Amino acid sequence: MAAPGISVLESTPPPAPRRASAVTRAIATVAVAVVSSLFLLFIVAPVAGLVVAGGGRGLSSLSADSELRDSLLLTAVTATIATLIGVVGATPIAYVLARRSFRGRAVLSAVMDLPLVIPHPVAGIALLLVLGRGSPVGGALYAAGLRVASSPVGIVCAMLFVSAPLYVSAARETFARVDARYEWVARTLGDDAWRAFRRVTLPLSARGLVAAGVVMWARAVSEFGAIVILTYNPKVASVLSYDRFTSFGLSEALPVAAVLVLFALIPLAALRALRGGTA
Amino acid sequence: MISLKGVNARAGAFSLTDITFDVPRGAYGVVIGPAGAGKTTLLETISGVVRATSGRIELGGDDLTHAPPEARRIGIVYQHAYLFPHLTVGQNVAYGAADGAMASDVSARFGVDVLGDRAVESLSGGERQLVAIARALARRPEVLLLDEPFSALDPRTRNVARRVLRTIYFERRFTVLQVTHDFAEAGLLGDVAIVLDRGRVVQRGDPEEVFRKPASPYIADFLGAENVFAGVARPIRAEGPDWVAGDAQELIQHAVAFTTGALAFYALGDVVPGPTHAVIRAEEVSLSAEPSMSSLQNQFRGTIQEIVPAGALARVTVDASGTPIVAAVTARSVRELKLQVGGEVVVGFKATAVHLC
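Going down the list, the protein sequences come from chains A and B. If you count the first sequence from 1, position 62 lands on 62 in the numbering used here, and the numbers rise without skipping. If you count the second sequence from 1, position 277 lands on 277 in the numbering used here, and the numbers rise without skipping.
Warning: the hint list may mix true and false statements.
As the list claims (entries may be wrong) - Not everything, but these chain A residues come out facing chain B in the computed CB check (under 10 Å): (1) ASP179; (2) ALA180; (3) TYR182; (4) ASP191; (5) ASP192; (6) ALA193; (7) ARG195; (8) LEU204; (9) ALA206; (10) VAL210.
As the list claims (entries may be wrong) - Not close to chain B: a few residues of chain A, all C-beta gaps over 12 Å, as computed: (11) PHE42; (12) LEU50; (13) SER61; (14) ASP70; (15) TYR95; (16) VAL96; (17) GLY134; (18) GLY139; (19) ALA140; (20) GLY145; (21) ALA176; (22) VAL261; (23) LEU268.
Claimed, not checked - Cβ pair distances, simulated, as ranges: (24) B:ARG51 x A:PHE39: 48 to 54 Å; (25) B:THR53 x A:VAL117: 33 to 39 Å; (26) A:GLY145 x B:ARG51: 44 to 50 Å; (27) B:ALA312 x A:TRP194: 53 to 59 Å.
These are computed hints drawn from the structure, not numbers from a lab. Bear in mind the structure is a predicted one, so any value in this text is a computation, not a measurement. Note that CB positions come from ideal geometry on N, CA and C, so glycine has one too.
The whole structure should be built from the sequences, with the hints applied where relevant.
Okay, here's the thing in structure tokens:
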């Protein structure tokens with residue numbers, strides 16, 4: 001019998017420790033870790049293997065292999081031009097999608113996403129249909145001295161088509177993160193809409209827009225499917241690596257592919273630096 | 001001058017409906033209302049941030065209903081300041097300033113001149129609000145819109161900021177419309193009070209008038225009136241047109257007997273005879289040990305239910321014939337009358353202190 005003043009708790013024993021669930025949790029943790037590691041390995045192994053196998057040879061052949069050098073230069077220049085055109089043309093669209101509510105906004109948004117879901121060779125065929133020499137637009141451009149297909153212009157067009165939606169999406173998100181009231185306050189302080197955008201929204205969005213541009217540039221550099229349809233020659237780096245693979249086999253394609261991977265690390269590093277700055 | 005006539009506006013799912021009021025040139029208007037009443041949306045509609053779908057907005061006598069914000073000669077200060085984070089404090093104040101001297105002057109007056117080179121991120125909430133007020137004033141607006149600008153300030157800084165703003169206001173005589181949910185602040189600052197609820201103006205007028213004579217029991221409750229009673233009004237001396245029992249459309253002004261539960265008391269004023277509400281500010285209710293021979297027409301003996309001290313004052317709730325009546329008395333009165341819960345006391349108020357609505 002319990003002493004007076006002492007609570008009797010026998011009738012409600014404490015719940016048994018849930019050992020089974022702790023073991024299950026541990027197994028689940030290990031399983032998730034293993035699956036995640038395998039996934040990480042799946043991503044890293046081919047890239048690392050490629051760089052290890054062909055990186056040294058690729059870098060050393062840069063001085064001797066003028067075709068590789070020219071293709072890298074062509075890739076960088078066309079990707080930069082495509083990105084600049086995308087930034088100029090798509091920034092207003094991204095801003096409008098982020099700020100304005102209007103009829104047809106969902107349709108515009110879907111249109112901007114369309115190139116993301118089209119297989120890229122199909123995108124190339126579509127561009128060829130519109131901009132090829134046999135089309136009214138392509139014919140008119142050709143007559144005016146501007147050849148689109150099988151020219152650097154075609155490369156820029158293909159890069160722009162497939163990579164601009166990434167810029168629009170990222171830029172739109174960037175604008176949406178900047179509270180519209182900053183702009184409105186600037187407007188009450190005397191700025192018109194454009195001046196408020198230039199003095200307030202643009203500086204507040206600058207880092208995000210640059211990051212969006214870097215993403216677009218990186219995507220443009222890595223494009224193959226649309227470019228190969230529209231402009232096989234002159235060859236950008238991705239087309240060159242494909243060409244070397246089909247013409248000479250894996251060993252000749254390796255150095256080009258490895259250099260292209262190293263080339264792609266540039267925007268990746270820039271992006272990390274920008275995001276690090278944001279954080 | 002701010003003049004809104006039948007203004008309707010929509011911001012997301014929220015609507016302002018048929019907003020009509022005037023704040024004369026150089027007057028200080030206050031917008032009062034509970035959270036979600038549409039106070040900020042109202043300021044944004046006046047400033048052109050939210051577009052008016054119909055009605056007319058006049059500022060300084062000009063129809064600016066469809067004018068962009070930059071053409072309205074206004075300044076707006078949000079509760080959250082919205083200082084430009086990529087600029088320093090000094091650059092923020094100078095952003096839209098009429099001239100450099102003006103920016104320096106208001107910065108010095110609000111004590112933010114010493115923060116000139118500081119980054120906005122390093123400021124406290126109160127400092128941000130002061131900088132935002134200085135920034136808006138540096139532009140020399142004709143109309144200043146303030147959205148709870150003192151809410152992040154500590155009591156001492158709040159008083160200083162209010163005083164500085166009042167000084168500049170009296171010097172320049174611009175028109176102000178300030179949102180607040182603090183009626184003490186509204187009474188302290190305002191020439192015109194606008195009570196907003198669920199996107200509609202439910203009362204407007206002199207703040208003292210709104211405070212003493214709320215248009216509805218809801219407004220009375222929102223404005224902090226403790227004694228709001230539902231009951232029946234019955235005229236007891238016809239001074240206006242003859243009143244016929246049951247004719248609720250006939251509005252007459254005369255002495256009224258108001259009955260709530262087992263308690264009946266006298267009131268004066270305009271009333272539609274029949275079911276209505278009576279509002280008595282706690283400050284108008286007095287307590288005494290014995291019935292006094294003063295001009296108090298309503299005196300009842302009751303039992304003290306509760307005494308809530310609040311600094312120099314105390315809120316005393318007295319049960320009078322089953323109706324709880326709250327009196328605001330000084331702590332000294334509580335001591336001198338030896339008031340204690342369960343004790344008996346006489347509660348009294350004038351008929352003119354009763355507002356029927």
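Hints and how they fare:
| no. | hint | verdict |
| --- | --- | --- |
| 1 | ASP179 | holds, 7 Å |
| 2 | ALA180 | holds, 8 Å |
| 3 | TYR182 | holds, 6 Å |
| 4 | ASP191 | holds, 6 Å |
| 5 | ASP192 | holds, 6 Å |
| 6 | ALA193 | holds, 7 Å |
| 7 | ARG195 | holds, 9 Å |
| 8 | LEU204 | holds, 6 Å |
| 9 | ALA206 | holds, 9 Å |
| 10 | VAL210 | violated, 14 Å |
| 11 | PHE42 | holds, 41 Å |
| 12 | LEU50 | holds, 42 Å |
| 13 | SER61 | holds, 46 Å |
| 14 | ASP70 | holds, 42 Å |
| 15 | TYR95 | holds, 17 Å |
| 16 | VAL96 | holds, 17 Å |
| 17 | GLY134 | holds, 49 Å |
| 18 | GLY139 | holds, 45 Å |
| 19 | ALA140 | holds, 40 Å |
| 20 | GLY145 | holds, 44 Å |
| 21 | ALA176 | holds, 15 Å |
| 22 | VAL261 | holds, 36 Å |
| 23 | LEU268 | holds, 27 Å |
| 24 | B:ARG51 x A:PHE39: 48 to 54 Å | holds, 50 Å |
| 25 | B:THR53 x A:VAL117: 33 to 39 Å | holds, 38 Å |
| 26 | A:GLY145 x B:ARG51: 44 to 50 Å | holds, 48 Å |
| 27 | B:ALA312 x A:TRP194: 53 to 59 Å | holds, 57 Å |
Checked against the numbered hints listed earlier, the structure breaks hint 10 alone; every other hint is satisfied.
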